[in-house]
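Student: Sequence:
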Amino acid sequence: MMRVAVIDDEPLARSGVTSRLAAHADIALAGEYGDGPSALAGITADAPDLVFIDVQMPGLSGLDVLAALPAHQRPMAILLTAFDGFAVRAFELQAIDYLLKPIDDERFAEALDRARRAWPYRGRDSMGAAAAEPNAPTVAEYATRFAIRLGRRRAFVNAGDVQWIEADGDYATLHVGDRTYLLRESLNRLSERLDPARFVRVHRSTIVRIDCVSELQPLSNRDAMLRLHDGTPLRASRTHIGTLLDRLRDHGRSMVE
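Residue 256 in numbering that gives the first Met the number 0 is what sits at position 257 of the sequence shown, and the numbering runs on without skipping anything.
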């Protein structure tokens, strides 16, 4: 069960969020806070999985609260704001989404679903992650190379050489440097066979190798523009942003360790 805290200096705003959360059986309310300092103390003590947090609060703002937490202690966050001008900072703090006030029920449900999808990758509940993906391949079972038909010949491409993959109808195109290879496999099926520690789906038609991403620029519609190390621009849809940010964070941590 996902534990959620609600942080807003307006009691009516807090009750609006908590009443919506009450309709979801897989959500447990971990706490309510009306100001930044108490929220910071509560998050540190109770470690909720997700927070709905108001951006603009007197004293310590919602963004200040998140920034004050070490990255490994920072919960998933859905920002609450009356102004659509915090996208860049939201991405920097790895926010799952942000909701404009007054909150729309459909957008609220969409943001909560995004948090559900990202939760297994946060590493706070390994049993929950295992239950969410009971048939996931083991590391040894992930694809390490692909057999490519080239006329009457067959070539082999190492998965570690693939920089990104795009859908081509029922096929997938592998991008390896300045060369492309057509693989007779759908992107959906391919995404299940790739190691999620190395590859991440960023769009319904695109998969990227995580260590090839050099830049992420948020867009006003909550999508993002990626740039790979070779300069290739790729669009990441808002549906996949949460997972992408988690994988980029995990990759950066592994590089440091």
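For the record, the hints were derived by calculation from the structure and aren't laboratory data. Hints may contain errors.
Claimed, not checked - Listed next, the in silico EDC-like pairs over lysine to aspartate or glutamate satisfying Cα-Cα at most 20 Å (straight line):
| # | residue 1 | residue 2 |
| --- | --- | --- |
| 1 | K100 | D34 |
| 2 | K100 | E31 |
| 3 | K100 | E184 |
| 4 | K100 | E9 |
| 5 | K100 | D112 |
Predicted model only: the values in this text are computed from it and were never measured.
Student: Tell me, which hint numbers fail for this structure?
Tutor: Violated: hint 3 alone.
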